[in-house]
Structures are given as structure tokens and as C-alpha cells.
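For the protein sequence lines, the chains are V and X, in the order given. Using the numbering used here, the first residue of the first sequence is number 1, and each one after it goes up by one. Using the numbering used here, the first residue of the second sequence is number 1001, and each one after it goes up by one.
Think of the hints as simulated: they come from the structure by calculation, not from any bench. There could be a bad hint or two in this list.
[Unchecked claim] Below, simulated DSS-like cross-link-like pairs (lysine-lysine); rule was C-alpha separation at most 27 Å, straight line: (1) X:K1087 x X:K1107; (2) X:K1070 x X:K1187; (3) X:K1204 x X:K1118; (4) V:K367 x X:K1442; (5) V:K66 x X:K1087; (6) X:K1118 x X:K1360; (7) X:K1118 x X:K1505; (8) X:K1103 x X:K1118; (9) V:K238 x V:K92; (10) X:K1098 x V:K66; (11) X:K1107 x V:K367; (12) X:K1103 x V:K66; (13) V:K185 x X:K1442; (14) X:K1187 x X:K1103; (15) V:K185 x V:K80; (16) X:K1360 x X:K1070; (17) X:K1087 x X:K1098; (18) V:K80 x V:K66.
[Unchecked claim] Stretch by stretch, here's where chain V covers chain X in the computed footprint (C-beta under 8 Å, at least three residues): (19) 1091–1101; (20) 1388–1400; (21) 1478–1491.
[Unchecked claim] FRET-style restraints, in silico, Cβ to Cβ: (22) V:G394 x X:T1488: 35 to 41 Å; (23) V:T189 x X:P1334: 36 to 42 Å; (24) V:E120 x X:K1103: 25 to 31 Å; (25) V:D145 x X:P1334: 40 to 46 Å; (26) V:D395 x X:T1471: 58 to 64 Å; (27) V:G394 x X:D1484: 51 to 57 Å; (28) V:E120 x X:N1252: 20 to 26 Å; (29) V:E120 x X:G1434: 21 to 27 Å.
For every residue, glycine included, the Cβ atom is placed at its ideal position computed from N, Cα and C.
What follows is the residue order along each chain.
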Amino acid sequence: MTPMRRRDFLASMAASAACLCGAPRVGLMEGLLPTDPDRVLVLLQMSGGNDGLSTVVPFGMDTYHKVRRASRIPAETVLKLDGLVGLNPSLKALLPFWESGQLAVVQGAGYPSPNRSHFESMDIWHAADPRGRDAGEGWVGRWADAIPDASFDANTVVHVGGDKPWSLHARRHAAVAFARADLFKWHGTPDEQAAFERVAETAGRDGGRDDAIERIRRAIRDAQTSSAAIRTAAAAYKPKAKYGNSGLSRQLATIAALVHGGVRGRVYSVAFGGFDTHTGQRARHDALMADLGDSLAAFLTDLREQGHDKRVVVMTFSEFGRRIEENASGGTDHGTAGPMFVVGAPVVGGLYGTHPSLDDTDRGDLKFNVDFRRVYATLIDRWIGGDARRILDGDFTPLPFLG
Amino acid sequence: MLRLFLTLLWLVTIATAQGATEVPAFDAAAAEHLLNRAGFGAGPEEIAEAVARGRAATVERLLDVPYVAKDAPRFVRRPIPPRTTRKAVTDTRPALTKEEADKIVQKSNNDAEAADLKQLHDFRTWWVERMIRAEAPLREKVTLFWAGHFTSSQRDVRNSLHMVMQNEFLRDEALGSFRTLLHGIAKDPAMLRYLDNNRNRKGKPNENFAREVMELFSLGEGNYGENDVKEAARAFTGWNFRNDRFVLDAANHDFGEKTLFGRTGRFGGEDVIDLLLEHPASTRFVAGRLLGFFVHHAPPTVMVDRYADLLRKHDWNIAPVLRTLFNDPDFYRPEFVGSRILGPIEFGVAVARRLPGDRKAPGWLVAFAADGMGQSLLAPPNVRGWEGGDAWMTSSSLLARGNLALAMSDGFDARSASTLGLGGSADATNRIVGALRAGGAKDWRPEIPVGRWIRESGLKDPEDVVDALCTRFLGVGVSDASRDTLLTYAFDVLPPDWDAPSMTKDADRRLARLLHLVLSLPEAQLG
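So here's chain X without its partners, still in its complex pose:
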């Protein structure tokens, strides 16, 4: 009751505050924009619901979803045995010859590698299916954002359990506080390993984490000096992990006095992180990253400044900042709507969510295809994460996007995944498909073929069919040029009696191809 009252009060406040600005109507286009950015796109039913509910209530619904922390199934939370060495083996079994020890090492490391790879792929599948099936996918979208911000990669971490734990942490705190996120990520085993802090010892500091926490996580280049990095590195000495948990290794920690950002004290790592959060550049940096992801790749400076102030005002809490953003008339400015180039994961998830039926499209296919297009979940290319934007529009990956769309419109055989033309390499394909098949990846057919969906909607005229497909499957309005192309094709392949019962099989195939074409349009890459 109190909650309802507060919500109403808040709505009134918003309405008053925005009285002066022009508040755009929350029509289907605006609702679609919100659901594109706060999620992974939506079908017409969801958009109609959102319009009926209104903007503020839709935003509340996105933000206020019951969430169970750390709910990844046990099969993706298995400990991964550490890789071993000959010395480790002969230390415990000195009677072994070198050859015998080498054999044991090889067998043990191969097994660990295989278990690690399998768990990695199983978890990717689980994560993508979560994005596909989420009722209110904002938390998943923000988790994906943080995964690109606080990068770590399995390639260096070589422990999929640690990667899974990091991903769960990012999801738990996705809409919480950036303060908690920054403090937590600094003690996260995968991060400690990824940025070499596990090798950061008193007297022999390793500056990797200290530098990146400033440059990439909190301040941005130009807002700190070399001395700040050096002193911060000392404060993080001895921060390590053991048995999958953070430990402060006191023997290797430098308890001495440090001076950074003009302050002197016996700072520990936590103090340094607090200094970063207090630093005036930090809110601007984080606001810029958030708006860069949720609004436009080059957000206007005034808007960044405004959201930097908001982050400070809300003491780094993300949810209230996003609430303001999604209700902000600036968020709906025409030059921002439909301007975002989707990453491969967003593209695949959006297609999967818009397919008619129960959102049963296989996560592994999307994760696998995205890997071939340069977006490997839990393994971004480098510490800067995914560059995004136009960088996604490479020749190889545009062809692969069309081929992924075909596989999802028309179904596919897991066995022939390597010939679907999803990008990536033969080696990687064989490796990944092998692991996926071992994990139960199966052939797939859409639950409701698009042809059946069209027939059941009672549409007959090719022009109506094209419009229905564009409305359902594109996150932005279709351009006249693209629509003309689709119409020409539709009239060519759909004869006047295409919906006669005797034509069903043929028509279904042609309609799946038409959808393939829709999903290969430039418009399908945007949201």
C-alpha cells in the first residue's frame, strides 16, 4: 500500500517536473524504443501492453521484478581443478619417473581443459537463454553492459567457475550500487587473476589492476597520474584469492603510507576504491559509459553532466538513475531512437524473443554464432571489452548475421552447425560444436513456423504479410527502400493462391525465407 502511494506520489512529481519540457507521447514507437534499450526488443503484443500501461508504469515494471540471486544451476557451478605441473606431481609422488609424471600431468590438464570448456559453453547457453526468456529483461541487459565494462576473460582466467561467479555477481548487483560493484569486482577471483593482481606483492608491485581500475572502470584516461597508479598498486598488494574466495595475504601486503590524488594515509585497497568513487571524474565517466550503451554511442555532454550529478545524488545507485533516464524526454529524442547498432548477442536474442511461440530458441546457437562474429561471452577481445557500434558491421559478421537469422527462421541441424555459415573458424567451430553436442545441443525447429503464424493471422495480401513481418521482427521502422525490396520479393514468391491448403508446405518455406530477408535488412541490425 505504502509502495503504491509512493509510486503515485513519484508519478505526480515526475509529471510536475516535466511540465515545462515537452513530453513526447508514449506511442508504439516510443514503447518499442524503451523495450529495445531496456531489454532485447519486443513483439507487437508486448509493445501494445506497454502503450496501454503507459510509460512510467512500464518503466516501474522493468525495474521492479522479483529476482533470486545466484540461481545458476549446479551444472555450471562445478569447481575446475587447477592445471598441474610435473613438479606438483612429483612433489606428492616422488617415486614416479619423469615420463610417468608427464603422462599424469598431460591427462590431468587435458581433463581440466575439457571440463572448463564444457562448463564455459554450458554457462553461455544458460545466460543467453536467460536473456531470451526473461519476462523483464532489464537486469540481463544491464548485466551484459557490466560484463563489457568490468571485463575479464576466460582466456586468461582459465577457470570457468570463477567466470560464472563473476557473472552472477554482476547480475546480482546490476541494478544496485556502482559502489558495491567497484568494491566487489576488485575482490573478485576472476578479476584478480585477469588483471594479475594475484601477482601484486609488496616490494614487487604489479600495476595492471591499479591502472585499469582507474582507466577503464572508474575515471577514464587523463584523470589520474602515473604516481596515482603506482601508489594504488601498493595498496592492492596481497589482494589475492584462495579456494575461490578473496583473501588478503597480509605477508605480501604493503601496509605503509601512500599518497594519491593529493591524499596521504595508510591506505588499503578499499580506501583507494573509495577515493576513486569520490573523485569528481568518476561520475562523469560512469554516466558517459551508461548513456553510451543505453542512449547513443556519442551522448551529448550536457546529458552526461546531468546524469553524473544524478549518480552522485543517488549515491551511485543505478536503478533510480535508469528510472529517470527511461522517463526522460531526452531519451526519446528522434536522433537516438533506432540509432544503436546491435551487438551479435543482442541481435540473436532479439530475433529469438520475437519468434512466435514460447521463446524456446536455443541459447547455444546464439552464443555460438556471436562467438564467430566477435562477441564471445565471458571472453571479450581485450581489457577494453567490446568496442561495439560500427565495429560490429564487418563483412564476415554481416553475412553470418543473415545466416543466423536463416537458422532461426527455418530451423537447423546441430550436426551441420559448421556449414551454417555463422562465421568463426573451422577449428573453433568443431571444438565448440563438439562441446555443445556433448552438452546436449540438439537440432531445432521453430515451435510455430513463421508461415503458420502468418496463416493463422489470416493475412493474405503480400503487402500485409510484409508489414506484419516488419512490425513484429524489426526494432526500428522499415525504410521505404527496404520495404519496396521486400514487396517485390513477396509478390514474386507468393502466387495468388499461396494460402491454399495444398500450398502450405511450399508457402511455409517461402515465408521463412521472407523472414530471413527481413532479418538481413540494415534495419534488423538496429535497435
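Excised from the complex, chain V in its bound form:
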């Protein structure tokens, strides 16, 4: 069964959003963090500029078939979401989640005055600010910094593999980052480990002789706790779904292990690349879509089998979409807006926003119609808690993909 078309209800839903706040968000009302320590957000970054038109395919638009000669996905193979758009067939593993109403597709997400540099545009998405890095911290970093020190756990924000994204950059409450859980440790023999633990345990015994030493002791203790919790959870984990061998699959499996294993992470981040498809796009992009769909499906299935599916929401994003018209090399160049997925058992599935027109364009590029910060605002307001207006430095109306 296809979920109800959502776009028509967008305005009215947004208007009534305030009264959708139910009992679980009492803390939110008081502006407190965290609202529910079990709620987890997973950010999945697609680096290089994902071609939105090959992800959520506007098969119902004539122009699509004219401008995409080499990378075109025939209408008959598209996994139709409505009469106009459908998923890339390589995303077939996600179809069951669409059908059970757990997949929200936000169409045409972007921001004003789009930047076509990978770095600069990614910085804008990470900072949730047109100034990029010069705005200060990343948006997740600002969220983490707002948590009172006393209730901040060292593993609140965790990045697994790949370069740690700027979104996690914080002033006070740094994210943990590692490529491999088993290497996220202080390398010492068991004897040394015991001694290193004593270094942190002695905290306080000097009676404040040196303030700096005390502060570092506490930081070392946090580091040890953080490392032990992550390694223990990862080592003990037995997945209940079959993950593939891709880097993304392994990283998501690690996150499932941490979610299951009692690590107190609230925001997890992964990134996978290869989306800068200037040449020979079709085959390369299909493979990326298959990796994305299969890895995500395994992750969501695993969470469900472990009984954690109601705790986790995944959001995908990329720094920009690609130009509408193909280039001469069967690829596409840097463009503007693109789709985002928000998926998980708590999500109200459906299409959000309208697909940007392929004819009414901004000099050959898609016009965005949902500011991506509205998606962030929704996730803050209705999922991980926090003061979205302060974190995003502005009012961004939430979308109703979370009730």
C-alpha cells in the first residue's frame, strides 16, 4: 500500500504542528535536553554531490527523458512513489520501508544562493549557515554544546569512519570519531592499561593543586569510559540481519552495535563517497544506490530484530544535487537541490515538498523548494530535542514527517 500523498497537507500540518507535541516531549517544553536519552539520530552523508534525479526519478516529467540520454532510468523500471516520481530501482531494498510508511522523501531540498563548490556547499549543510565554517560550529556541535555538562556523555555524538564532518564540530562537547571501533583505544599492555586507569581514578586526590591537571584527568577518564563502552559494544555484537561487505554496511553495523550495546550515543554519523559522477554516471550511480539501499535496509531490519527500531531515525543528505542536463561524458556536473530521505519506524512516510520543475529552472539548475534547515528543525524539535531556533539561528517550520 502506498502511503497517503502528503504534499497537499503540508501547509495545514505545519500549521498544526505545535499541538502535535505529545507527552514524550515534556522536557522539550522546558527547553531541556535530552528529552529521551534513548532516541537516536543517524546522519548519513553522501559525499560528492548526489544526483537527485537518479535517486528520486521524475519519470512523469517529459523533460527528464529528453535531457538525460545516458543516465536515464526508464519509467517502467522506476519504483513508483506516485504518478510523477519513483525510486531508482537499485534502491529496491528500501521499498518495504516505503510501503510500511517508514520512509519520508523530502523533495527539492536546498538553500538560497546555492554554492557549487563541494567544500563550500558541504560546509553550508554542516554549519546550517550560509557562512559555512566561518559561522563557528557545526549544527550538531551546537546541539551538543547546549547540553548541560552534567548530563553530557562523552559518547553523545559519534562519527564512524571517514573524515569527521564539520557538522559535529563543537566548542565544548566534542564528538567521538574513529574508523574502527577496535582501534579506538589507548594502546597499552594489560599492566599499562591498569596503570592508565589509575591515572584517571586518582582525580581529586591532589586537592586542586593544579586546576589544569584535574581537568585533564577528568577528560582522560571520559576518554577511557568512551573507548571501553564502544569497544565492548562492538566486540559483543551479533547482528540479526545480513549486512553486505561495503564500508557503509560495516559502519552502519557498528552503529547498530553501539545502539544495542548501551552506548549512550544520541547522534551517529557516517559518510560515504563516490557521488561526484562527472563521467559514466549510470553504472556508478546505480552501484552507489544499491549500496545505500541494501546497507540501510540491513541496518533498519537489524534494529527491528533487536527491538530498537522505535528508537532510531536516519537522515540522508548530500552537499548538492547535479545539473539537470547531462554533460558530454555521460555524467552530470555540480548542481543545486536534491532529495533527502528520513527513514525509520518513528517516521511518517510519504512525499514531502514538491519535485522541482525541470523547465522552470535557475539557469539550468533545479530551484529548491524545501530549505534543508526545515528538516534539521523537524529532527531537533520532534526527535532529539533542543532549541531549534537557537541551534539553526532562525525560524524553520518543521515538516510533519515526525508526529
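Starting from the known structure of chain V, arrange chain X on it as the hints suggest.
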């Protein structure tokens, strides 16, 4: 001769001037504090020398070191070809098809990218090794300070030669005049690109440089208005670079009248910089930054005011201001000594400098590890530079510091650099290690293993061994709690006959581990 006379005269003046204040003794702790702050820490030999020489003479020695300007080797000064576009290719070779042109573009840009990355890493290595090996490292320390103050990043500049040139400029002028620094940085190609002044044109001003030169380089927030930024941006229009040099592009320069800070005139960029240097807030701002780095992260206001006056009095010359600072009893106040949290580069360089032997520890390892801990040389996180202080003490980076210390105490294989646990990501690790190996990064073992050093010092009692390691490798005194922990471990792992010849190999490994533990203490993160 004259110089000697002047120095003596100056010493007498200092002694008289400080007669009223209590001058703390220049003992080993004071000497260590000076060498921590004016350099990257020192071993006991250097500290003993400094104590014997006395404070004033030690400070003179730090300041007065022969220096050869722009001495980076040629292999890190290669021009980087600009990235190209399809249009640029087809403009010169119109016969090409689009596909052929795209191929050429891709190949050319990939090659440029690879050359750029390699030169960047080679230069980082060169710079860190300079810090490790410098006889009087004050100039390197001040260069690192300026690199955090006048930020630019390869990430945006995408021309490692320009980054190298900027770094050389900062080093040449490190102890010179802030006036020269501010004027020079405004015309520096990397800076012109980093803060978008190369896109600042008459009629379409780009205010990025004009704003940051006030906010971050000279005045600080709250000491200028939006109109000052707008008018300054006009004065910098047409400031650009060509062929790696500054040019004034007159066609894009606004020669009109500007009004800022209450003054009106046909100001050019140089005039604006002079106005900033005359601005009363500028000396306080720069003094605050200097003291924040060299004294304490929150320097007392009275001290900042005093050094602001000194900067003015010395017409922005840095060396005489630092001379006063390093001789100032306030510099040696107990609450400042040992209070500075070392950045990853300072930490790695300090370890390397204290290892027994010839300071041959590989710069690339330190630069690479620091990158994983958030201090990428020539690529600070944003225009504000490295935040420093407690921000360095993250879980990931504290674990990585211990692992770097292990690699440096015990040696490591370059091949397994990605499993050393130095922080950073797998992608970055593979990329960087690949570039470094191509540049000749090799396996490394300490020249004199710490075990051999201990044995040759004739130390036997574990307590003496622990004290020797702490004295040599920590920049601040060890706390009782930490020392207890080390002693417990040392007595556990060093049996009574540990120094018997048959035990050598085993003992060396255990002593390297003991050093690893020393370098993982909170005390090892301070200076």
C-alpha cells in the same frame, strides 16, 4: 663590542627597574617555564645550561639567533598548476570533442591535486622537523602563533606554494614588526584567496577580508562598525595576485573617497591598514592575543594594558616586547607556570625534542598525528584558527596522544601508520600515509632507546628511574598522585635484576612502556 656594552647596559637597567618588584629566582622550574613557552620544552641538559647562564642571558640567546630568510628547500617550493576547466582547454584546442576535453581536464586536475597534496605534506614535515631541531626555537614558536592568528587554509587556497610562501613570510617577520606583518599579510596571495579579496572589485565589493582584518587580525569585535567594514572593503578592491605575486588591478580598484573611523580621504588598502594600526583598540587586541598564547589563556587585564602600551612604545616591534615579557616577574607567576594545555603539534614536538639522541624523530609522524587530533598545519579549521586550551582535550585526541607517545617511545612501522590509533579517519589516513610514503616516509626507531638511556645513566632503583623520566619528559612538575601510579607500575614491571645483561631486551621494552605511561599523564599535556 658595542653590542655587548648595550646588552650589559640593558641588563643593569632591567635590574634597577625591577628592584622594587620581587624578582623570582631563575631556578630549574623557572628556566623550564621559559623554555616551554619560548620554545617547545627542553631536556634537563638545556635547562641546566639556562640556569647557569641566567635569565636575561637565556632570553637574549632565544631572541638573538642567526636566521636565514626563506630557506625552505626547493622541493617544497614548486609552482602548482592552476586547476583547469573544459572551457579553458577548448579555448586553446578548439578541435577537441567535449569528451576529449573532459578527459584532459580530469587528468590535469588530478595531477595538480596530487602534486599539491604531496607538497603540502612535505612542507608540513619540513616545518615540524624545523621545530624539533631548532637550536633556539622561539622563532618557530612565534611562527606557529602567527599561523593561528593570520589564518589561511590550503582547503580554500588550493595552492600549496602560496601556503608555503605565507608560512615563510610569517617566519621571516615572526620577531619583526606587527606593522610589517599586517601590511604584508594583506598582500599575501594565499590570504587574498582565502578571504576572497581576489573577488573584491570596484562596484561589487567583497567584504570578507575587510571584516576579518578588523575582527580577527587587528581590532577584535566591537571596535569597528559595519560602515567601517564597507568602506575598508572599497579600499581593498582590486587587490589581487598574479603569477604568485600581489598586484593592484587598477581597473577594479575604487579610487574614490572613503570615510572610516571618522576619517575621510581617498584611502587605499595601505591607508586602511595604517588606520587600523593607529586605532587605540589594536594594541590591546594584539597584546591580548600574544599574552593568551605565551602566558595564560585568560591574561589579567592590567597585564594586557601594560603590554599594549609597550607595543605602541616599540612601534609594534615584537622582539623587544617578548624580551620584556620573558624577563617580567609576572610571566613567572605560579598560577601561569605549567597552566598551558599544549596543542597536538606542541605536544609531539616536545616529546621529540626530549628524546635522547639527535632530535631525528620524524616530523611527518607528528604532523600526521596532529592532523588526526584537529591541528592540521596550513589548514586550520576555520578563519578563527585553532581554539586551543581545553578544546584540545577530547576523548579521541587524548587516546591518540597516548598512541603517538607510544610510537615515539618505542618506534613504529610506517606501513602500519593507520593502525597506530593516531586519530583521524581511515580515508584521511590512507590518503596521507600514501602521500607520505611516496615522499619517503620510513619506519622509525629511536636513535637511543629510552631503556639504553636509563641503563647508561646508571639508574637502578625504580623510583630513580621514574623520577628521571618525569624530569626529562614532563614540562611541569609531576603530581604526587601521578607519581604514585608510575611507581606502582615501575615496581611491578621492573624485577630486582631488571638491569642484568640477560634482561636487556625485555627491560628496554618495559622502559619504553613506562615512558609511554609518563607521556600519557595529564602533566604531559601541559607546558
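TODO: Please name the hints from earlier in the document that this structure breaks, with their numbers sorted from lowest to highest.
DONE: 3, 4, 7, 11, 14, 15, 22, 25
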